[in-house]
Structure formats: C-alpha cells, structure tokens
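Those protein sequence lines, which keep their order, are chains Y and W.
So the first sequence is numbered by this note's numbering: it starts at 70 and just counts up by one.
So the second sequence is numbered by this note's numbering: it starts at 70 and just counts up by one.
Since the hints were made in silico from the structure, they are not lab data.
Incorrect hints may have been included.
A pair holds if it fits inside one copy or across any two, identical chains being indistinguishable in the list.
Stated by the list, open to error - Think about it this way: if two alpha-carbon atoms lie no more than 25 Å apart in a straight line, the pair counts; the simulated DMTMM-like pairs of lysine to aspartate or glutamate are:
id, residue 1, residue 2
1, 193, 271
2, 107, 148
3, 116, 148
4, 107, 154
5, 187, 128
6, 187, 212
7, 187, 112
8, 99, 191
9, 258, 129
10, 107, 199
11, 94, 153
12, 251, 129
13, 193, 112
14, 193, 246
15, 193, 129
16, 251, 100
17, 258, 126
18, 116, 242
19, 99, 212
20, 193, 148
21, 116, 153
22, 94, 212
23, 99, 219
24, 187, 199
25, 107, 153
26, 94, 241
27, 187, 100
Number of protein chains: 2
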Amino acid sequence: MMILHQMQMSGNCYKARLASRQLAKPITLKDYPLHGGKTREPEYLAKNPNGRVPMLELDDGRCLPESGAILWFLTNGSDLQPSDDWGKAQALQWMFFEQYSHEPYIAVARFWLSYAPKEALEQKRALIPEWHARGNAALSVMETHLSRNDWFAGGAYSLADIALYGYTHCADEGGFELSRYKAVTAWLKRVAAQPRHVRLDENW
Amino acid sequence: MMILHQMQMSGNCYKARLASRQLAKPITLKDYPLHGGKTREPEYLAKNPNGRVPMLELDDGRCLPESGAILWFLTNGSDLQPSDDWGKAQALQWMFFEQYSHEPYIAVARFWLSYAPKEALEQKRALIPEWHARGNAALSVMETHLSRNDWFAGGAYSLADIALYGYTHCADEGGFELSRYKAVTAWLKRVAAQPRHVRLDENW
C-alpha cells in the first residue's frame, strides 16, 4: 500500500488525504511530529532532499514530494481531474496560484499564530501585517473567481478545489476573517458537502 | 496568434518564451514595463485578477496565468513533456519545488539586488541573508538530484528543466555563487546547448 509521509495538521498533507479518501485509494499514513526536525534527518533526506512533507512513497519505493504533484498523480484519470487540456491547465493555474500567492501567507500565518511556540511567534510578529495583506489579496482573487464560478477548474469539483480548500478552510487560525468573503464561504460549504469528504483533524 | 503578456527580464516569462521557441509555436509578445504597475490596472485585472505576468491569451480570448500552467499547456503532447504518468508527476514535483522553495528566494534576491531602485533595496536589506540561505538550500537540492541525473524528469530535457533554468541560470544577479554547484553548472550548459535555445535577453 502507498505510504503518505505526513503531519496531521498540515493543510498540504490534508490535500493528499482528502483526495485519496474521495478516490477510495487507500494509503498508509506515516506521521511526523510538527516540531523536532525529523524530516531534516538523513533517513528522510535520502527520500526527499528538500526535507518536507507530504511525500508519497509507492510500493516499489519511488518517492513523490510536493502536494500539487501528489494530487495530480492520485487524481490522474479520475473524476477529480478535468479530462480536457484546458481544464487541466486551469487546475494547474490555481494550484500554482495556491502555492505561490496563497499558502506562503495564509498557511504561514496559521502556523505561527496557532501552532508555533509563543516565544517564537514574537520574533515573527513584525511580519503579520504583510502575511495578512497578501493573504487577503489571495482570498480576494478567489472571491472574484467564485462570484462567477462554482468551482475552480473544468466546471466541476476537482483537485484544484482540494488544493485551495486545504488552507482556506482553516484560514481563521491565521487571523483571517472568512466571513468577509461571501462567495468563498459558500464554496467552502460546497466542498465540505462532497461525497466522502473528510475533515483535516480526521485520519484517512 | 497567441499573445504572451510578459516582462522581458522576468524569468517566469522567459520560461514561456523558451518553450514556445523550442516547440516552434509562434506567440506575439505584449510587453509591460517592470515598474509602474500596469498589470494592476483594471484592464489587466479583468484578464488576470492576480495582476501578474506571464499570462497566455488564446486566440478566442481565454487567458491562462501562472508560468507552470502555461508551460504545461504549451508542451502538452510534445517531446518537452514526459509521456508517462510518473514522468509527468516528477515534472510537476520540480515545477512546484521551483515556485515554492526556489523562486521566492533566488528570483526575489535577483530582483531587489539587480533590478529595483537602490533606495527600495535599502528597505529590504535585512532580508538578504534569509534569501541567500534558502536560495542556496534550493540550489543544494538541485545539486543532489543532478549529481545522479542529467535531467529533472522523465530522463530527458523537459518543461521541468525549463522551469528550473528560468531563474537558476541568472542566480548570480541575486548574489548566488553558481560555481559552488558543479552539477548544476554542468546542467546549465546542457540546457543552453539544446536545439533552438534562446537567451533571456532575446525576444522570441
């Protein structure tokens, strides 16, 4: 069975759990503690030199890091991935948007405000206004899209929605007011109502 | 003919130019100045609410932002994209790595050190050590991979190499010493020797 190397609270890891659950593709979870640097030790670095979770390990030992690549690999050929070239390109557009313009502010604010030791947060406090400005800019881009579309790519629920749901649905833990974004809030409810949905705090 | 909305010095835009040149897919370039905020004005935001270049505009007016999505769309079905699922997943792995762990440090250092007004750089100077530490970490991950592989995905030159070449080949403009990375330096030469290669400072 495939192994997902993961941290339970990570939205990036949650994306892979949610997709595998909805596709009924069973995976074994191998958990790492949030703190302590286990993914920067030689045994892990031999599998992923970038030292990050999630990483999907196949039965034959091949390893695939990066949540976006894992989502693509898991959903390939399924209803969770648009079947046409333009739909696939749109899905990737939103997945790259998420990793570049959304996650570095929303996920990072969530980590430092809700999961890091308090004394460590103090050293980061000056960065909070920029995280919030850029994170709100990303939420506004999503709001613009969702005010005209139910889903992000291909006209249906897909891996792009999973990628954006990962850290958007818990953005309040980073100090973001999701109630300001009506279309985003309605989309969050649509995603959570999909068959076989699983919450971030649930295992597979 | 497709239009690439772009800035000439942007490595992200260069990726799309290089792929279109090597695939002999002609595109019209629409240039925006590096400074001045033209991509944050309403006319541009109507096409890309995220206000960034590159953006590919198709003949029928559909618009695709994000360099990774554009690379995917342009190379789809060509020799520049691995044909098997695992090769595609590996290409995406490295493209997400580039946008998350590489570009935000190497491209950002290059912008501020070589292209921003000097007085603006002064406000960013305290961030340079972190850009260099994280950028060098990304170059080390590339070095590890390239010490065992000629290319990043699928065993051949592909869109993943183009994605990583975009800002790696000009990392010296961000204060990085590429000569420290022997395998990366050798790979840069292999990429530049590919048929129909075009330099960043050349047009299509």
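Against the structure, the hints:
In the homo-oligomer, the alpha carbons of residue 193 and residue 271 never lie at most 25 Å apart, since the shortest distance is 30 Å inside one protomer and 41 Å across protomers. In this assembly of identical chains, residue 107 and residue 148 lie within 25 Å of each other by CA distance neither inside one copy nor across copies; the values are 35 Å within and 39 Å between. In the homo-oligomer, the alpha carbons of residue 116 and residue 148 never lie at most 25 Å apart, since the shortest distance is 30 Å inside one protomer and 28 Å across protomers. Taking CA atoms no more than 25 Å apart as the test, residue 107 paired with residue 154 passes in neither setting, with 39 Å inside one copy and 30 Å between copies.
Taking CA atoms no more than 25 Å apart as the test, residue 187 paired with residue 128 passes in neither setting, with 40 Å inside one copy and 53 Å between copies. Proximity of residue 187 and residue 212 under a CA criterion of 25 Å is satisfied in neither setting, with 32 Å inside one chain copy and 36 Å between copies. With identical chains, the CA atoms of residue 187 and residue 112 are never at most 25 Å apart, being 30 Å at best within one copy and 44 Å at best between copies. For the identical chains of this complex, residue 99 and residue 191 are neighbours neither inside a copy (31 Å) nor across copies (45 Å), given an alpha-carbon limit of 25 Å.
In this assembly of identical chains, residue 258 and residue 129 lie within 25 Å of each other by CA distance neither inside one copy nor across copies; the values are 38 Å within and 33 Å between. Taking identical chains as interchangeable, the C-alpha atoms of residue 107 and residue 199 lie at most 25 Å apart only when they sit on different chains, with a minimum of 22 Å there against 30 Å within one chain. Taking CA atoms no more than 25 Å apart as the test, residue 94 paired with residue 153 passes in both settings, with 23 Å inside one copy and 20 Å between copies. In this assembly of identical chains, the alpha carbons of residue 251 and residue 129 never lie at most 25 Å apart, being 45 Å within a copy and 31 Å across copies at closest.
When the C-alpha separation of residue 193 and residue 112 is checked against a cutoff of 25 Å, the pair qualifies neither within a copy, at 30 Å, nor between copies, at 37 Å. For the identical chains of this complex, residue 193 and residue 246 are intra-copy neighbours only, at 20 Å inside a copy versus 29 Å across copies, given an alpha-carbon limit of 25 Å. Proximity of residue 193 to residue 129 under the C-alpha cut-off of 25 Å is found in neither arrangement, the shortest distances being 41 Å within a copy and 46 Å between copies. In this assembly of identical chains, residue 251 and residue 100 lie within 25 Å of each other by CA distance neither inside one copy nor across copies; the values are 35 Å within and 35 Å between.
For a Cα distance limit of 25 Å, the shortest separation of residue 258 from residue 126 qualifies neither inside one copy, at 32 Å, nor across copies, at 32 Å. Proximity of residue 116 to residue 242 under the C-alpha cut-off of 25 Å is found in neither arrangement, the shortest distances being 31 Å within a copy and 32 Å between copies. Neither within a single protomer nor between protomers do residue 99 and residue 212 lie at most 25 Å apart by alpha-carbon distance, with minima of 35 Å and 28 Å respectively. Taking identical chains as interchangeable, the C-alpha atoms of residue 193 and residue 148 are never at most 25 Å apart, the minima being 41 Å within one chain and 45 Å between chains.
Taking the closest pair of Cα atoms, residue 116 and residue 153 come within 25 Å of each other only across two copies (21 Å); inside a single copy the shortest separation is 33 Å, beyond that limit. Taking the shortest Cα distances, residue 94 and residue 212 never come within 25 Å of each other, neither inside one copy (32 Å) nor across copies (34 Å). Proximity of residue 99 to residue 219 under the C-alpha cut-off of 25 Å is found in neither arrangement, the shortest distances being 34 Å within a copy and 31 Å between copies. Proximity of residue 187 and residue 199 under a CA criterion of 25 Å is satisfied in both settings, with 19 Å inside one chain copy and 22 Å between copies.
Neither within a single protomer nor between protomers do residue 107 and residue 153 lie at most 25 Å apart by alpha-carbon distance, with minima of 40 Å and 32 Å respectively. In this homomeric assembly, residue 94 and residue 241 never come within 25 Å of each other (Cα to Cα): the closest approach is 30 Å inside a single copy and 45 Å across copies. In this homomeric assembly, residue 187 and residue 100 come within 25 Å of each other (Cα to Cα) only inside a single copy, at 24 Å, whereas the closest approach across copies is 46 Å.
Hint check: violations occur at hints 1, 2, 3, 4, 5, 6, 7, 8, 9, 12, 13, 15, 16, 17, 18, 19, 20, 22, 23, 25, 26; the rest are consistent with the structure.
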